[in-house]
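Asks: Sequence:
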Amino acid sequence: KISDDDQIVYGWGMISSIDGEPYYDTDNDHISDDVVRKASTGFMLGQRISNDSHTENDVGLVVHSFPLTSEIAKAMGIPSRITGWMVGVKVDPKTLAKFKSGEYKGFSIEGLAGTEDVE
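Position in the sequence shown counted from 1, then plus 30, gives you this note's numbering.
Since the hints were derived computationally from the structure, they do not count as laboratory data.
From the three backbone atoms N, C-alpha and C, an ideal C-beta is built for every residue, glycine too.
One or more hints might be untrue.
[To be verified] Each computed BS3-like pair below joins lysine-lysine, with the alpha-carbon atoms no more than 30 angstroms apart: (1) Lys120 x Lys31; (2) Lys135 x Lys120; (3) Lys130 x Lys31.
[To be verified] Quick list of the computed label-pair ranges, beta carbon to beta carbon: (4) Gly76 x Asp35: 16 to 22 angstroms; (5) Gly136 x Asp49: 28 to 34 angstroms; (6) Lys124 x Ser100: 16 to 22 angstroms; (7) Lys68 x Ser110: 29 to 35 angstroms; (8) Glu101 x Glu133: 34 to 40 angstroms; (9) Ser62 x Asp35: 22 to 28 angstroms; (10) Arg111 x Leu75: 25 to 31 angstroms.
Please build the complete structure, drawing on both the sequences and the hints.
Replies: Below is the structure:
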């Protein structure tokens, strides 16, 4: 969702599951609901920066954040096929134009994470 009035783009910062099945990103990583909740909290307590495709070019600031885990969705009565972290990012005009044209279809959220191999 794009809001022209305030230059905010809304979407998923992280996806944990779709239709109850674990979601694996382009790096073949799965992020559990618990990690989504903890990571989004830590991120919002920190710098909240969005950059251009994991480069050093900052293009926006996360201004809205909602971890929609399966537990939170159930408690709030929110039906959703997807669980994860919903964000609203205030972007610069150039980045807004790229979302509007379809060149950008997702977010690059700046942060550090460790990985753990699971059998």
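Asks: Find the hints from earlier in the document that the structure breaks and name them by number, from lowest to highest.
Replies: 4, 5, 6, 7 and 9
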